[in-house]
Amino acid sequence: MDKVLHKKALPKWLKELESYEIYAPQENDDLWSFELVKSFEFLDSNYSNCIQSPKKIIFPQTETLLKFERLENGKLEVEEQLPEDRKKVIFGVRPCDAKALTLMDKVFTGDFEDLYYTKRRNQTTLVGLGCNTPPSPQCFCVSVGGSPHSNEGLDILMTDLEDKYYLQSFTAKGNELLILGKNIFEEPNPDEKSMLKRIHQEAKNKFKTKLREIEKIPDKLKGMFDSSFWDEEAMSCIRCGICTYLCPTCHCFDINDEVYSTSSLRGKRIRTWDTCQFPDFTMHSSGHNPRPDKASRLRQRIFHKFQYFVEKFNAYQCTGCGRCISKCPVGIDITEILEKVKNYGS
Amino acid sequence: MVNPEELKNEAKKALKEGKVKYIIGYRKKPEESMATPAFIRRAEDSEILIWDPTCVHNLVRFLSDEKRRRKREKNPEQRPVGIVIKGCDSRAINVLLQEKFIAREDVYLIGISCEDNGVIDEKKLRKKLNGRKAKRVDFKEGQELIIETEEGKIFLPAKEILAERCLECKVNFPIVYDVLLGDKTKRKPEKEFASVEKFDSLSTSQKWDFWKNQLEKCIRCYACRSVCPMCYCDECVVDTISFAVSADTTAEEKANKIKWIEKSPVLSENIVYHMVRAIHLAGRCVDCGECERACPVNIPLRLLNNKMEKEAKELFGYEAGLDSQQPSLVACFRDEDPQDFIR
Amino acid sequence: MAHNPYIPRLARIIEIKEEVGGTRPIKTFRTKFLNEDGFSFRCGQCAMLSVFGKGESMISISSSPLEKEFIQFSVLKMGRVTTALHEMEVGDIIGIRGPYGNGFPIEEWKGKNLIFIGGGIGLAPIWSVLQTALAKKEEYGELMLIYGARTSRDLVFKKELEELKREIKVHLSIDVEEPGWKEYVGFVPLNVLDKKPSPNNAITVTCGPPIMIKFVIKNLQALGFQDDQIYTTVENKMKCGIGKCGRCNIGVNYVCKDGPVYSWAVLKKLPQEY
Numbered sequence: 001m002d003k004v005l006h007k008k009a010l011p012k013w014l015k016e017l018e019s020y021e022i023y024a025p026q027e028n029d030d031l032w033s034f035e036l037v038k039s040f041e042f043l044d045s046n047y048s049n050c051i052q053s054p055k056k057i058i059f060p061q062t063e064t065l066l067k068f069e070r071l072e073n074g075k076l077e078v079e080e081q082l083p084e085d086r087k088k089v090i091f092g093v094r095p096c097d098a099k100a101l102t103l104m105d106k107v108f109t110g111d112f113e114d115l116y117y118t119k120r121r122n123q124t125t126l127v128g129l130g131c132n133t134p135p136s137p138q139c140f141c142v143s144v145g146g147s148p149h150s151n152e153g154l155d156i157l158m159t160d161l162e163d164k165y166y167l168q169s170f171t172a173k174g175n176e177l178l179i180l181g182k183n184i185f186e187e188p189n190p191d192e193k194s195m196l197k198r199i200h201q202e203a204k205n206k207f208k209t210k211l212r213e214i215e216k217i218p219d220k221l222k223g224m225f226d227s228s229f230w231d232e233e234a235m236s237c238i239r240c241g242i243c244t245y246l247c248p249t250c251h252c253f254d255i256n257d258e259v260y261s262t263s264s265l266r267g268k269r270i271r272t273w274d275t276c277q278f279p280d281f282t283m284h285s286s287g288h289n290p291r292p293d294k295a296s297r298l299r300q301r302i303f304h305k306f307q308y309f310v311e312k313f314n315a316y317q318c319t320g321c322g323r324c325i326s327k328c329p330v331g332i333d334i335t336e337i338l339e340k341v342k343n344y345g346s
Numbered sequence: 001m002v003n004p005e006e007l008k009n010e011a012k013k014a015l016k017e018g019k020v021k022y023i024i025g026y027r028k029k030p031e032e033s034m035a036t037p038a039f040i041r042r043a044e045d046s047e048i049l050i051w052d053p054t055c056v057h058n059l060v061r062f063l064s065d066e067k068r069r070r071k072r073e074k075n076p077e078q079r080p081v082g083i084v085i086k087g088c089d090s091r092a093i094n095v096l097l098q099e100k101f102i103a104r105e106d107v108y109l110i111g112i113s114c115e116d117n118g119v120i121d122e123k124k125l126r127k128k129l130n131g132r133k134a135k136r137v138d139f140k141e142g143q144e145l146i147i148e149t150e151e152g153k154i155f156l157p158a159k160e161i162l163a164e165r166c167l168e169c170k171v172n173f174p175i176v177y178d179v180l181l182g183d184k185t186k187r188k189p190e191k192e193f194a195s196v197e198k199f200d201s202l203s204t205s206q207k208w209d210f211w212k213n214q215l216e217k218c219i220r221c222y223a224c225r226s227v228c229p230m231c232y233c234d235e236c237v238v239d240t241i242s243f244a245v246s247a248d249t250t251a252e253e254k255a256n257k258i259k260w261i262e263k264s265p266v267l268s269e270n271i272v273y274h275m276v277r278a279i280h281l282a283g284r285c286v287d288c289g290e291c292e293r294a295c296p297v298n299i300p301l302r303l304l305n306n307k308m309e310k311e312a313k314e315l316f317g318y319e320a321g322l323d324s325q326q327p328s329l330v331a332c333f334r335d336e337d338p339q340d341f342i343r
Numbered sequence: 001m002a003h004n005p006y007i008p009r010l011a012r013i014i015e016i017k018e019e020v021g022g023t024r025p026i027k028t029f030r031t032k033f034l035n036e037d038g039f040s041f042r043c044g045q046c047a048m049l050s051v052f053g054k055g056e057s058m059i060s061i062s063s064s065p066l067e068k069e070f071i072q073f074s075v076l077k078m079g080r081v082t083t084a085l086h087e088m089e090v091g092d093i094i095g096i097r098g099p100y101g102n103g104f105p106i107e108e109w110k111g112k113n114l115i116f117i118g119g120g121i122g123l124a125p126i127w128s129v130l131q132t133a134l135a136k137k138e139e140y141g142e143l144m145l146i147y148g149a150r151t152s153r154d155l156v157f158k159k160e161l162e163e164l165k166r167e168i169k170v171h172l173s174i175d176v177e178e179p180g181w182k183e184y185v186g187f188v189p190l191n192v193l194d195k196k197p198s199p200n201n202a203i204t205v206t207c208g209p210p211i212m213i214k215f216v217i218k219n220l221q222a223l224g225f226q227d228d229q230i231y232t233t234v235e236n237k238m239k240c241g242i243g244k245c246g247r248c249n250i251g252v253n254y255v256c257k258d259g260p261v262y263s264w265a266v267l268k269k270l271p272q273e274y
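Residue numbers (my numbering), protein chains in the order written: chain C, 1 to 346; chain H, 1 to 343; chain E, 1 to 274.
Bound conformation, chain C alone (with noise of 0.2 Å):
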């Protein structure tokens, strides 16, 4: 389904949406962030891109999945914690975030399926903001295979055009959406039509490809897990979390009990994000750690993406959002490492 919304109308739209739960990029101390929405000033500034990925709403850095209780009677009562039946709708998610949901979802889905992931993606509408210009100086969404209108993993895309939004809608979610807004859309015309296939080609011009031939780089990084390379490249890194927390496709996860009361015993097992980049990530209660040093954890975050990932799923755990690569306190720039993989040896 497509349409076209004047921008004056965007309220109008919004206000047919209040059956559901909506988030969009709101600004605060210079930082932009997805948040229940207050304001949608975001289509009208300069906006780029949420420091943290649609991510934080679907996969939450802290969820409950449990509860437990030691009754009066003695019994342990257990409970399960699933998020609570509540629709959301995302706006303004550029589609490399969204492009990174559909890689989670191979991850959560499949055996053992993580009901808690799942009942949040079920439940979440995305609505897509294309970039007719790179958000980012570190953008590369076109060097792994994305593109920056594409709508893999979006409900709706929109795509500015000055003084309109031209929607296009991909799932039945994205079509509820635009039902419920149908007086305030209206039908493309073809010149509507014309300028959306100009300005999404332009678009993909203007992307300055950084990394090229990607394709390589599975295969070169077989060869080179014994090697020295991963020691001078984490030299600089000072193991801290940002890269995997702000990245949206990892995943990583540490499960904990929280104790509230231990004089009868109540709490609740607790799920966080984690980091491969943490030294004790995979240190064994016996003091024995696979990954003792910054190099082999560097080495595993890249094999994660660029090796082992493709050999599972065929496809790069990285949809090119620079986030990671703009925020290292100490630049540490993942394009330049596949780069370097890629002529490693010649």
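By construction, these hints were calculated from the structure, which means they are not laboratory data. Here a beta-carbon is modelled for each residue, glycine too, at the ideal position from N, C-alpha and C. Wrong hints could be hidden among the right ones.
Stated by the list, open to error - Within a straight-line C-alpha distance of at most 30 Å, the following computed DSSO-like cross-link-like pairs (lysine-lysine) qualify: (1) H/Lys28 to C/Lys204; (2) E/Lys137 to C/Lys220; (3) C/Lys216 to C/Lys204; (4) H/Lys184 to C/Lys216; (5) C/Lys210 to H/Lys127; (6) H/Lys12 to C/Lys340; (7) E/Lys257 to C/Lys220; (8) C/Lys210 to H/Lys184; (9) H/Lys212 to H/Lys100.
What the hints assert, rightly or not - Chain H stretches covered by chain C per the calculated footprint, using a threshold of three residues with CB under 8 Å from any CB of chain C: (10) 129-141; (11) 218-231; (12) 253-266; (13) 291-300.
With chain C's structure known, arrange chains H and E on it following the hints.
Relative to the frame of chain C, chains H and E by itself:
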């Protein structure tokens, strides 16, 4: 103005003479304006070293990595590590010397004076450029900086894009060094602790609301801790797992280890994390500003640590990192120390 | 509604046996689910044991799938969760979720001689497949156990081993001389060389400390065993047990899902990062 060629020559000399194991300095990435840490081992690699207003990182932080590396190696090489340091960085060296974390002969200090400039705040520059991308930033005589963008060169008053801490800085050239490049220009900073005093003028409930909002944003990436030269503990009290575990640690020790903080980044735990870290840095923080720069969610962490340093100065006349021989604030007392709060 | 893989089922501890005392104690727990809904598993699989309030720990199931009265785990006291388990009493409730892992491919081993080589607590994962093979002796060739520990006090299943000696060849060892010890003295890998099991139509299963496994494999190769005749189990730190938390991987393989049982032919090709 410091001539970057002098820096390259000093580095080349030190490596050629075999004086140092390797040198930690700054290099530039192609098409990116900000410098990034560089580790060079061969004299000819000195060509990549740079010195410009984007050299913001406190490289002293990498000395704890070197120490860990030596502990792991069977026959660790004893030659010192060369390191390029600014004034603030040299204060960090002094604190590490004072705490005997490193010995003076472990480091070869190539000091560079900021003269009457400093380093930039990338966020301020980005705002000023409003969408234009900076390709390089260079010093210029007379309180201006040269920004090269795709559209050409522009000149900005340094004051508008220098880091806040540089505007409040008193130690604009290294006070401990083996080699010093640049002049020991006396510099008149803005009022000391200006940001803290401005914040202190708020009411208690305003301050609480402020920190509640800020610390709710924290994602506990631990970047602030990871980037700080003084956070070198192998076992951190505000981390949920201790990694100082060996084959000899008993099951009871592991089972009974107190969990001071939960892993979930909720407000209560984030407050504990930041408050404890600030207290553990009291009297040790040299205001290199790295914690605030590294924070991906823009929490104004300098306010917390500067508040502690302001207390240290007012109550005990103590400033961290000015003298490696001075007794450490938190490890000793003087008879004349204030004690009216002791009842 | 699909089953939630993170919710453990409650089970009661019906028996606790102290196998090894001292500073590295091992206890064997026999458990029974509160709700009798079938829990079927294969030899070599593991389960996540929950001590609510402390956490979870992935322990291999040491009873045979043919045993219907209980599910048995042997637990070495290592850290927070296992210490809490050791402090539990008969009647206490724990959580169990699973079974996880790939298990031993015992269907492929029918008619072959099975040689089990264990060290210390490593006998626990082997016990499951050993008991199953014993119960169906006619389906397999000759069974042999080569098992050792640091001292005689560190051997697990001591009583069961005595009974086992009457049915199959059992070669025990301890690392250092002890008064009264009549069997082999020395490390398990050396006992393997000493007893010279034949590689003819044989499968070996090795479990124990990583260093022991390394040398056992070397010595088995010296005796003529092929890489696909050598099976072992690998352990890694685990949290979810279902291949999602990203922690236990060896290369592209998740130990909780694609392991913990590996033939050396497969394991040697994976990055040696475990």
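Hints, one by one, checked against the model:
| no. | hint | verdict |
| --- | --- | --- |
| 1 | H/Lys28 to C/Lys204 | 28 Å, holds |
| 2 | E/Lys137 to C/Lys220 | 49 Å, violated |
| 3 | C/Lys216 to C/Lys204 | 22 Å, holds |
| 4 | H/Lys184 to C/Lys216 | 52 Å, violated |
| 5 | C/Lys210 to H/Lys127 | 24 Å, holds |
| 6 | H/Lys12 to C/Lys340 | 25 Å, holds |
| 7 | E/Lys257 to C/Lys220 | 27 Å, holds |
| 8 | C/Lys210 to H/Lys184 | 42 Å, violated |
| 9 | H/Lys212 to H/Lys100 | 37 Å, violated |
| 10 | 129-141 | holds (count 3) |
| 11 | 218-231 | holds (count 8) |
| 12 | 253-266 | holds (count 6) |
| 13 | 291-300 | holds (count 5) |
Checked against the numbered hints above, the structure breaks hints 2, 4, 8 and 9 and satisfies the rest.
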